[in-house]
Amino acid sequence: MDGSGRWCGMPAWLFTVALMAFTVHIAQGEDPDTTPPNVTCTDVTTRPFLPNSFLGLNAGVEYTYEDSNPDPSGVTYNVTKGPSGDLFPPGRTPVTMYAVDIFDNEATCLFYVENTLTELPVNCPDLNRTVATDMGLPTYSYTPSIEASDVTKSTSGYRYHGDAVSVDPTTAIGSKLDVGTHLDTVLISDEVLSKTCIGYIVVQDIEKPNVTCPADITESSTNVIQYSANVSDNVGASVTYSPEPGSRFNPGVTAVSVVARDQAGLNDTCSFVVQVSISELPVEYIPPQETIQLDSADATCQYPPITKDDLTLMDSTYQFYGDVTVAVLFNGTENNTLSLGTYILTIFIDDTVFNKTCLTVIQVEERPSTNGRSGFSTAELAVSVIVPCAVVLLVVFVIGFSVYYYKKSKERRKIKVSRTDGKQSSSTKTSDV
1 MDGSGRWCGM PAWLFTVALM AFTVHIAQGE DPDTTPPNVT CTDVTTRPFL PNSFLGLNAG
61 VEYTYEDSNP DPSGVTYNVT KGPSGDLFPP GRTPVTMYAV DIFDNEATCL FYVENTLTEL
121 PVNCPDLNRT VATDMGLPTY SYTPSIEASD VTKSTSGYRY HGDAVSVDPT TAIGSKLDVG
181 THLDTVLISD EVLSKTCIGY IVVQDIEKPN VTCPADITES STNVIQYSAN VSDNVGASVT
241 YSPEPGSRFN PGVTAVSVVA RDQAGLNDTC SFVVQVSISE LPVEYIPPQE TIQLDSADAT
301 CQYPPITKDD LTLMDSTYQF YGDVTVAVLF NGTENNTLSL GTYILTIFID DTVFNKTCLT
361 VIQVEERPST NGRSGFSTAE LAVSVIVPCA VVLLVVFVIG FSVYYYKKSK ERRKIKVSRT
421 DGKQSSSTKT SDV
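To convert, note that position 148 of the sequence shown is 148 in full-length UniProt numbering; the numbers rise steadily by one, no gaps.
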């Protein structure tokens, strides 16, 4: 009987005939049969519901058995058949059938059992999934989503070759996957067959950025303010300022908003204020020259106009708000025609928002006469040097001679006094004697 409950050997009627023939032979004392059965067999394919098991050949269809004394149970194989018998790998496996009659006469027949499987008959698990990046990191560390216990057979009668099925992802465990969609390929296999299953891993960023604004800013020297916020995010974030750093701010208080946004569209915001407390226009005017010399032939001169380009910014980052106007008064009048004398320049500077008044003094004087020549000759230069030197030397000589004469006169007076004192002493001694 095969795995389906049918006799895989001879039919019942043939068994009855064989038994009667054997009984007659014994009763008549005839010699035993020595002729082996005449058998034929054909190649077969394993059943779809038991794809790697052999259930035996069907008599009259897949093999023939002819003998005058057949044995109903005389057909066997060199393999174990049935759902728990030998495993047949993919491809053709040779099998030998043995046929004997009741007198043990044996015949053999070679045929092939073919397993047509080319792929492991299992169902692919659902490998599609959405995961989040690792905490504080821009990537996800790959971990398989299935194990061997998650694998089910697509053909229940299939028996695994080997102890168990294995699940092997093609992506190394712990691999870093960036934000986005990644192919997930898994190979499911036993010792003979395998099946490739695929899915998609969607890595998402769920951590929003963290932005910290600077402290409020107060500026009294310029209206162009630089600043930056501190931003942290696991995948990186772009920062938007309103107004942008380096913008020109109006006087007073202005609110600045900061938005940090990452690739996933997650954002964080903060704000601070910028106060421009400038009291006057931060410029100054430095005249190119404080003394103007007029030639003797000129009675007046024209002081050149002062423009924005002549001004010096006290803070180079300051930006004018509008057109700069410069008005100049010379000793209180707008007349820039100057004659000899001293002038106080009052300079009014305005950029439509801030203004400043600067004061400077200009001296207009006559250029020293050079007798119509533009410089000294060599002789004049020598005289101008030698004469003062000679005067100095003469003064030194006179002073030195006077000192010398004074000292000599003083020494002569001392000698005269000493001689007078000596005579007096000598006279005294004579008187005593």
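It cannot be assumed that every hint is accurate.
To be verified - In the DSBU-like style, the derived pairs of lysine-lysine whose C-alpha atoms are separated by at most 35 Å in a straight line are: (1) K81 x K176; (2) K308 x K356; (3) K195 x K176; (4) K208 x K176.
Since the hints were made in silico from the structure, they are not lab data.
Now for the hints, and whether the structure bears them out:
Distance check on the hinted pair: K81 and K176 sit about 50 Å apart at the alpha-carbon level, beyond 35 Å; violated. Restraint check for K308 and K356: the C-alpha separation of about 13 Å stays at or below 35 Å, so the hint holds. Of the supplied pair hints, the one linking K195 and K176 holds, its CA atoms being roughly 25 Å apart against a limit of 35 Å. A threshold of 35 Å between alpha carbons decides the hint, and for K208 with K176 the separation of about 20 Å falls inside it, so the pair holds.
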